[in-house]
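Work the whole structure out from these sequences, hints included.
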Amino acid sequence: MTRLLLKDLKVGALFLWLIGLIYFLMTVQFVVFGHDAPLFLASIALAASLVASVLVVEWRVDADRFLCSLPVSRSTIVRGRCLSILAAGAVSLALWVSGGLVGDALVGHAGSVTPLWATFEGVVGFCLTIVGLTTLFMPCYFRFGIGKGSAIFALLLIPLASVDAAGSLVLLRDAAGSLGPRAMAAAVPGSLVRHAMRQAHQDLGAAAALVLFSLVGAVMLWASVALSIRFYEKREF
Amino acid sequence: MDSILEVRGLEKSYEGFTLRGVSFSLPRGYIMGLIGPNGAGKTTTIRLILGLARPDRGEIRALGLDASTGGAAIRSRIGFVHEAPSFYLHLTVAGLASIVARFYPRWDAGLFRRLAWEFQLPPGKRVYALSRGMRTKLALALALSHDAELLVLDEPTSGLDPVFRRELLERLSAYIQDGNRSVLFSTQITSDLERVADYITFIQDGQLVFSATRDEVKDRWGLVKGGLELLDERHRRFFRGIETSAFSFTAVTDDVEAARRRFSGRDVVIEQASLEDVMFYLSKARAGTGPTAEEGGSSPLGTGRDS
Chain A
0 MTRLLLKDLK VGALFLWLIG LIYFLMTVQF VVFGHDAPLF LASIALAASL
50 VASVLVVEWR VDADRFLCSL PVSRSTIVRG RCLSILAAGA VSLALWVSGG
100 LVGDALVGHA GSVTPLWATF EGVVGFCLTI VGLTTLFMPC YFRFGIGKGS
150 AIFALLLIPL ASVDAAGSLV LLRDAAGSLG PRAMAAAVPG SLVRHAMRQA
200 HQDLGAAAAL VLFSLVGAVM LWASVALSIR FYEKREF
Chain B
0 MDSILEVRGL EKSYEGFTLR GVSFSLPRGY IMGLIGPNGA GKTTTIRLIL
50 GLARPDRGEI RALGLDASTG GAAIRSRIGF VHEAPSFYLH LTVAGLASIV
100 ARFYPRWDAG LFRRLAWEFQ LPPGKRVYAL SRGMRTKLAL ALALSHDAEL
150 LVLDEPTSGL DPVFRRELLE RLSAYIQDGN RSVLFSTQIT SDLERVADYI
200 TFIQDGQLVF SATRDEVKDR WGLVKGGLEL LDERHRRFFR GIETSAFSFT
250 AVTDDVEAAR RRFSGRDVVI EQASLEDVMF YLSKARAGTG PTAEEGGSSP
300 LGTGRDS
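Protein sequence lines correspond, in order, to chains A and B. 0 is the number of the first residue of the first sequence in numbering that gives the first Met the number 0; add one for each residue after it. 0 is the number of the first residue of the second sequence in numbering that gives the first Met the number 0; add one for each residue after it.
The set of hints was computed from the structure by calculation and includes no laboratory data. One or more hints might be untrue.
To be verified - Incomplete in silico selection of chain A near chain B, CB under 7 angstroms:
#, residue
1, Lys9
2, Val10
3, Val60
4, Cys67
5, Leu69
6, Pro70
7, Arg78
8, Leu82
Just so you know, even glycine gets a beta-carbon here, dropped at the ideal spot from N, CA and C.
What follows is the structure, given as structure tokens:
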């Protein structure tokens, strides 16, 4: 799997400038507007862009045929891809937190609210959002390829994002009576997940909540990888 | 004889194409040429051997392993060159080699550098800047650099200049000299096979026509040329493919001795058929069409053999 991760790093190296660009943009917007919600979005977008750039390059050169003719099993290819996506997520998480720290050092917290990147539910929520997106994307990609797979992934994502955004609006209205300046938070994916995490954090404590959500994430990934392997083994190149 | 590759009853269906019951065996230390017209099933057969597609029926054993379960282990001992190699275009030759190297435990970096130099592949050159022939050379260098026991080459000589083509064939001959390694390569350039192949496997319309040693093919297959008056229905059925002109016919047979007996004392010329002759006449016979009188002054006739 590490061979495949290194391969993806090498193939994706061409697009590493994306990291610098998005890091710069998100820090600037945080410094200028003082709101941390777009940072979250930008970091998720960064992870998605890194993954998409490698996949598009591979699609252009018909890399599936190349990869499948190497001495590596289809299941290893799927697991390697999963590892690469999670690595992109980890890079984005690191940039999100460090971007937040840099912005915070420059302008301080926006009001009295603790920024998302400094909270338990923010960081674990970010990880779970990446895991959730990966869980949904991988079977689509390995069953249908990048083009059709992305379209189906987007179709699946729209209702989920709508439910999440609607839930977020309700939660915010319940909490504050009116949305006001916090409406931006409704645009941050995973609000319902973070709410559940906040509750679990309060009810169970940080360690137990972390274990619980790690287990949930692991089960989701396991199911996604298992399904993706089944799909990919049926593909012919 | 120890077989490095055994294919038994291979079947695979796609829309508009079916590979049916293809069987052949390649012993260690030999070169097998896979020939057939476009769309015959050569590339499908190779894809099935490599595990890029799954057979509907049949068995493939490569290097003593069952291909249905030992795919990755088999591929680690196979060097593969696709007819249109798919590489990461933005990488350099050396960069691509460094990716491929990690997958092969017996990768020889020194050998790759030497081959790249011999094939005039600059290590710093990006793949997109290489011509089709140069990309095939790169694929060959990659395939030859990990001590593969079996080379599987899908139309490797198309797109190569004649000088390198001949050099490649010499390399393939040298490659099997230790008696432990074999080569399976598909091509439509039959003269390449006449030069190096020990075995010939001919596939047409997804079906195996024959798989035999080159000498057996030479001994068995012949061209018969004679006057049209000799070509009665009984003889027509004897031949595997016939082309006629206004006064004469040329036909191919897979039993040249029987043809000699059959036409003994008649005014016919019987000569050895080249692989191209065999491919040409069998393809014509299968298609049931050919040059019209306007185009070439001849018309093909049906085929079939009497018992």
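Verification of the supplied hints:
1. Lys9: 6 angstroms, holds
2. Val10: Holds, about 6 angstroms.
3. Val60: Holds - the Cβ of Val60 of chain A comes within 7 angstroms of chain B, reaching about 5 angstroms at its closest.
4. Cys67: Constraint on Cys67 of chain A satisfied, holds at 6 angstroms.
5. Leu69: At 5 angstroms from the nearest chain B Cβ, Leu69 of chain A passes the 7 angstroms test, so the hint holds.
6. Pro70: With Cβ-Cβ at 3 angstroms, under 7 angstroms, it holds.
7. Arg78: 13 angstroms, violated
8. Leu82: Status violated, d = 15 angstroms.
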